[in-house]
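Chains as they are written, first to last, in this note's numbering: chain C, 50 to 325; chain V, 50 to 325.
Everything labelled a hint here was simulated from the structure, so no lab data went into it. No false leads were mixed into what you were given.
Which copy? The list can't say, so a pair holds if one copy fits it or any two copies do.
Below are the EDC-like pairs computed for lysine to aspartate or glutamate, each with C-alpha atoms no more than 16 Å apart in a straight line:
{"hint": "1", "residue 1": "LYS66", "residue 2": "GLU105"}
{"hint": "2", "residue 1": "LYS56", "residue 2": "GLU271"}
{"hint": "3", "residue 1": "LYS115", "residue 2": "GLU314"}
{"hint": "4", "residue 1": "LYS115", "residue 2": "ASP313"}
2 protein chains.
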Amino acid sequence: MKINETKSIKTFGGATKYFEHASGITKTQMKFSTFLPEQKVENAIIWLSGLTCTEENFITKAGSQKLLKDSKTMIICPDTSPRGLDLPGEHESYDFGSGAGFYINSLTEGYKDHYNMYDYIKDEIVTILKEHFKVKNISIMGHSMGGHGALVLGLREKKLFKSVSAFSPIVNPLQSPWGQKAFKGYLGEELTGARLFDTTELINSGVIRKDTLLVDQGTDDEFLKENLLTSHLSQACEQAGQKLEVKYREGYNHSYFYISTFIDEHIEFHLKALEA
Amino acid sequence: MKINETKSIKTFGGATKYFEHASGITKTQMKFSTFLPEQKVENAIIWLSGLTCTEENFITKAGSQKLLKDSKTMIICPDTSPRGLDLPGEHESYDFGSGAGFYINSLTEGYKDHYNMYDYIKDEIVTILKEHFKVKNISIMGHSMGGHGALVLGLREKKLFKSVSAFSPIVNPLQSPWGQKAFKGYLGEELTGARLFDTTELINSGVIRKDTLLVDQGTDDEFLKENLLTSHLSQACEQAGQKLEVKYREGYNHSYFYISTFIDEHIEFHLKALEA
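Okay, chain C solo, but in the shape it has when bound (with noise of 0.2 Å):
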């Protein structure tokens, strides 16, 4: 696959790099941006963003660079959904359409030939890492809207992500306003095939890991309550056995100060499983 580096920034002594290529799986140009530390990079993480974020977000403001700078380790930053187009309804709301993708493989009318991130993540981005980036284990995270990406795609390509953490994860969308509304949009009324894409419904169906899950969610965030759900995470996993992990942070709200405060954490629970 032919990726352009349309940028490339000196940072801790590694570089930051933005990329576009033509995507064959959304039918556009995607862009994606990487931190690649100074020494040979053997593994990546790949960071997941939320809703109305793009490759910039996580790579300006989550100050992980400087965990990574001294590891073999690199992350890349997708955008959060293809652009460019002009589908019905598209640009129309914050939480349908462009910037908010749910890392989700539409049914619907247009957004079937296009809107397929999670298998832009799981076979794109990924052939990426290994032929471009040469790049042999790979673990994913994300916030929000890309928490629950990363758990998705974490608990159903087993094989592929060797640890998955999530900040403030939408876990079960079927049950918030944010899903109900962009699993409709994506997959139709009937919401065929959604429990697929809902973290919760997979463990309840026995789709679990054998390591941990990494949460990690602030109780001042805004949209816990409605749209996070994370105690309906605890119960699935206490049910079918999937080990878990809920760091409550006191005080915490959902913004890039409070990732920024404990992106550290993260990082280390997946250099750990990348680099054991």
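On the provided structure of chain C, position chain V as indicated by the hints.
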């Protein structure tokens, strides 16, 4: 002076806070951001941002909180100009008017009533630090246009600031296209009193500090040769006996990725002076 807290977000055990207040000096509503560590604050570092920035850039991108979190030192990031006005030419370019106050006191029609960012920092920001935050010691640093501001304020207000540092500062604005344009806009074609706002000219005329100025400069900075002119500062300091440490950083550019790489060294430099 009355200030209103508009946002407070828990960060690294302390808080990122945003404020606004009616300024008697700029005669507009002004904004600034702060990071307050968990401990009771005794000191402050003022960060002055560069062209196009607001109170938001540094606090979200530089990664300064991690080192400050265990200190008794806060950081405060003022906006880079008055806002909400509609002066002639104020919004036509990125390097003059809004987002480009250059930390000087204006003389030209319209601007002289509002664009007095030198006094705004020296008087109002300092008063806010002392009265509202009960700060004892203050240091100052900045980037690019804000590096220029930090050096000029630091040299002229020796007793007010314990230490002074700058990333990629415009050290001799009267010899640079950016400075020429802005200074003529704010001071008039005859550049009345401009030398009081030019670091190199100040040092050449004997305005020096006893302590060392710390300057950081990327060698791949796209503005180095035409606008920053670091060598002019080195020459002036050598002739005038001003102690100066210039850290050239091989391959780094003008961005926040570069700043975040070296911000800890500057914070350590200031903490040493502030907490001595």
